[in-house]
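Visitor: Those sequence lines, one after another, are chains A and B. So for the first sequence, this note's numbering puts the first residue at 1; every next one is plus one. So for the second sequence, this note's numbering puts the first residue at 1; every next one is plus one.
Each statement offered as a hint is correct.
With a straight-line cut-off of 25 Å between C-alpha atoms, the simulated DSS-like cross-links for lysine-lysine are:
{"hint": "1", "chain 1": "A", "residue 1": "Lys156", "chain 2": "B", "residue 2": "Lys157"}
{"hint": "2", "chain 1": "A", "residue 1": "Lys28", "chain 2": "B", "residue 2": "Lys124"}
{"hint": "3", "chain 1": "B", "residue 1": "Lys217", "chain 2": "A", "residue 2": "Lys28"}
{"hint": "4", "chain 1": "A", "residue 1": "Lys157", "chain 2": "B", "residue 2": "Lys157"}
{"hint": "5", "chain 1": "B", "residue 1": "Lys156", "chain 2": "A", "residue 2": "Lys157"}
{"hint": "6", "chain 1": "A", "residue 1": "Lys217", "chain 2": "A", "residue 2": "Lys124"}
{"hint": "7", "chain 1": "B", "residue 1": "Lys28", "chain 2": "A", "residue 2": "Lys217"}
{"hint": "8", "chain 1": "B", "residue 1": "Lys28", "chain 2": "A", "residue 2": "Lys124"}
{"hint": "9", "chain 1": "B", "residue 1": "Lys156", "chain 2": "A", "residue 2": "Lys156"}
{"hint": "10", "chain 1": "A", "residue 1": "Lys230", "chain 2": "A", "residue 2": "Lys308"}
Which bits of chain B does chain A cover? Going by a derived footprint, with three or more residues having C-beta under 8 Å, they are:
{"hint": "11", "segment": "20-30"}
{"hint": "12", "segment": "65-73"}
{"hint": "13", "segment": "130-144"}
Simulated DEER-style distance windows between Cβ atoms:
{"hint": "14", "chain 1": "A", "residue 1": "Lys157", "chain 2": "B", "residue 2": "Pro203", "range": "51 to 59 Å"}
{"hint": "15", "chain 1": "A", "residue 1": "Arg109", "chain 2": "B", "residue 2": "Gly327", "range": "36 to 44 Å"}
{"hint": "16", "chain 1": "B", "residue 1": "Pro74", "chain 2": "A", "residue 2": "Ser140", "range": "19 to 27 Å"}
Quick caveat, the hints were computed from the structure, so don't treat them as lab data. Nothing here was measured: the structure is a model prediction, and the numbers come from that model. Yeah, the Cβ is synthetic: ideal placement off N, Cα and C, and Gly gets one too.
2 protein chains.
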Amino acid sequence: MPNTQEGQPGRTDVNTLGEFGLIHHLTKAFPIRNASTIKGVGDDAAVIDNRGLQTVVSTDMLVEGIHFDLGYTPLRHLGYKSVIVNLSDIYAMNAQPRQITVSVALSNRFSVEAMEEIYAGIHKACEIYGVDLVGGDTTSSPRGLVISVTAIGQAKKEQLVYRSGARPGDLLCITGNLGAAYMGLQILEREKQIYLSDPNIQPNLEGHDYLIERQLKPEARRDMIEAFAKAGLLPTAMIDISDGLASELHHICQQSGVGVLLEESGVPIHQDAQFQAIDFNLDPITVALSGGEDYELLFTIDPKDVDKVKYMPDLYIAGEVTPADDGLKLNSKGGKLHEITAQGWVHFKPNA
Amino acid sequence: MPNTQEGQPGRTDVNTLGEFGLIHHLTKAFPIRNASTIKGVGDDAAVIDNRGLQTVVSTDMLVEGIHFDLGYTPLRHLGYKSVIVNLSDIYAMNAQPRQITVSVALSNRFSVEAMEEIYAGIHKACEIYGVDLVGGDTTSSPRGLVISVTAIGQAKKEQLVYRSGARPGDLLCITGNLGAAYMGLQILEREKQIYLSDPNIQPNLEGHDYLIERQLKPEARRDMIEAFAKAGLLPTAMIDISDGLASELHHICQQSGVGVLLEESGVPIHQDAQFQAIDFNLDPITVALSGGEDYELLFTIDPKDVDKVKYMPDLYIAGEVTPADDGLKLNSKGGKLHEITAQGWVHFKPNA
Chain A
1 MPNTQEGQPG
11 RTDVNTLGEF
21 GLIHHLTKAF
31 PIRNASTIKG
41 VGDDAAVIDN
51 RGLQTVVSTD
61 MLVEGIHFDL
71 GYTPLRHLGY
81 KSVIVNLSDI
91 YAMNAQPRQI
101 TVSVALSNRF
111 SVEAMEEIYA
121 GIHKACEIYG
131 VDLVGGDTTS
141 SPRGLVISVT
151 AIGQAKKEQL
161 VYRSGARPGD
171 LLCITGNLGA
181 AYMGLQILER
191 EKQIYLSDPN
201 IQPNLEGHDY
211 LIERQLKPEA
221 RRDMIEAFAK
231 AGLLPTAMID
241 ISDGLASELH
251 HICQQSGVGV
261 LLEESGVPIH
271 QDAQFQAIDF
281 NLDPITVALS
291 GGEDYELLFT
301 IDPKDVDKVK
311 YMPDLYIAGE
321 VTPADDGLKL
331 NSKGGKLHEI
341 TAQGWVHFKP
351 NA
Chain B
1 MPNTQEGQPG
11 RTDVNTLGEF
21 GLIHHLTKAF
31 PIRNASTIKG
41 VGDDAAVIDN
51 RGLQTVVSTD
61 MLVEGIHFDL
71 GYTPLRHLGY
81 KSVIVNLSDI
91 YAMNAQPRQI
101 TVSVALSNRF
111 SVEAMEEIYA
121 GIHKACEIYG
131 VDLVGGDTTS
141 SPRGLVISVT
151 AIGQAKKEQL
161 VYRSGARPGD
171 LLCITGNLGA
181 AYMGLQILER
191 EKQIYLSDPN
201 IQPNLEGHDY
211 LIERQLKPEA
221 RRDMIEAFAK
231 AGLLPTAMID
241 ISDGLASELH
251 HICQQSGVGV
261 LLEESGVPIH
271 QDAQFQAIDF
281 NLDPITVALS
291 GGEDYELLFT
301 IDPKDVDKVK
311 YMPDLYIAGE
321 VTPADDGLKL
331 NSKGGKLHEI
341 TAQGWVHFKP
351 NA
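Looking at chain A on its own, in the form it has when it is part of the complex (with noise of 0.2 Å):
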């Protein structure tokens, strides 16, 4: 019996499309049945009603040798991270997470105590965000690690904020800062090669802690979401940035029918992601926009609230939200206009 899905006629290549390409190709002939479900696939939850209190549900899935390398990941970090991912996208819709199942596919390689140690990760994100462990699955693999993890989260209907809601004229804004995952990462696979080609050199990750740390074990936001029921603020769209900050203001803008000026000065860099960008060879404000999994929100308010956002601290204006026609567009430091693209590449055309 040949193997069903290989050497048909007609076949198009998964990376044709990307990844919202295909999700979108794919999902897009599902009609809503359910008079609860009040937001299907396309923002970072999903949203289902219960008598007012609506239900957000989001859900992200982590695969050894794509999302993470277990030759420089620590299986607790692991675990943590694969919590946080989940809660992020629930903050990024202004809920509280609540819950969370856990599925877990491994292979025999793996043995109770590695097991142990996902499980303590993802304890301990439980512990410090209140969220509970309600099911899951475990299950072998004929190879390598699969962690599935489904958050499920409360708002009231009114609190709850989409990424459709931006308007020209709205403020944009970035918690924290933007590029040291990434920056992260590229320490750690240059040290992990570096040990492959001599396994006696010692990987020499010194110095580099808040990097590794943002990559290893990022925090979600829920201080942010906190402070805004503090301040009385309702953002008019958000979304984490888990994709790199161009993929998100692609995200934004499209479902909101915007476009948006980007200000390069007010995209945040932390200072370790600046000197090891430039110690990369790569432009720190192209790692910003294109290098993901920072976890922070991006998000657009109404310019008569700029008030309440003026002092919250971590938070930086970063732009403002124009009409569709305008584009996505980058104002660099030298004063000139950049395409973002939906890539997140920074293709410098200037603008005529």
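Given the coordinates of chain A, assemble chain B onto it according to the supplied hints.
Guide: Leaving out everything else, chain B in the frame of chain A:
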């Protein structure tokens, strides 16, 4: 940098604990922090309260090479089945599934057309069972295909049926028939081996349609849940039969603190499965007890409700609930009592 999880002192093989032992071992230290969390790990699904209406959540992961073999599993059927196995868990709580999320990890040997086939199966299941696809994740994998589905359902608090409600004297009921999915798998495996030994021999699956469909394209028993509602029947305990009758009986008995007396003559086995078991030199009752993947319902009812089930089609009374001290027993057609072990295998030690 050595791989962190290998070569550690005190390495315990994952198989020593068994799947349920491992889940319990890893999740027992997770406390419940949110008032909305009614039931966490340990039933067919978790239960989350929303002001009286309760949300039910279940998740299952299917891994290539462990749960399915693409040598004989059409991708469309695989997509369908990946949804069904989760809906079955929701029905086993006496709840209605409403939404699903689907995460797929796949290597680049899969084409867009292959993904479309998987999603066509998911689409069909959503259509037939009236559920909404509301989210998910599509990602690469270094090799192989992994599908993780989370199903979300809803029920009024007083309608939910847990594994823990069985009481001595209750009647034990089984829907449909058992063992057919397992026999279908045996046929598919046999024909695959024949094909592998000589690719010129075409697989001969003729006459085995029923068994093969039970394996490749199972259904979930929504019809039974609806029949219960119509008859005003509330089972005292319920579970879906995914790992084999023996394993599910152990779950019910452990969580309800009871024993069970199962009548071999009351266990429904389809004629095709009977014949095929004998053809494979297997005892049909052993196949029913340990085969798995039937996605039928096992439930217990108060004896005063017997009139409500007596004329329900496709439903069989197969024994009764006993005190915990009596253990789990099978009364064979020969009139002998055998112990039912957790692994599903009946050891033929006649009771004194």
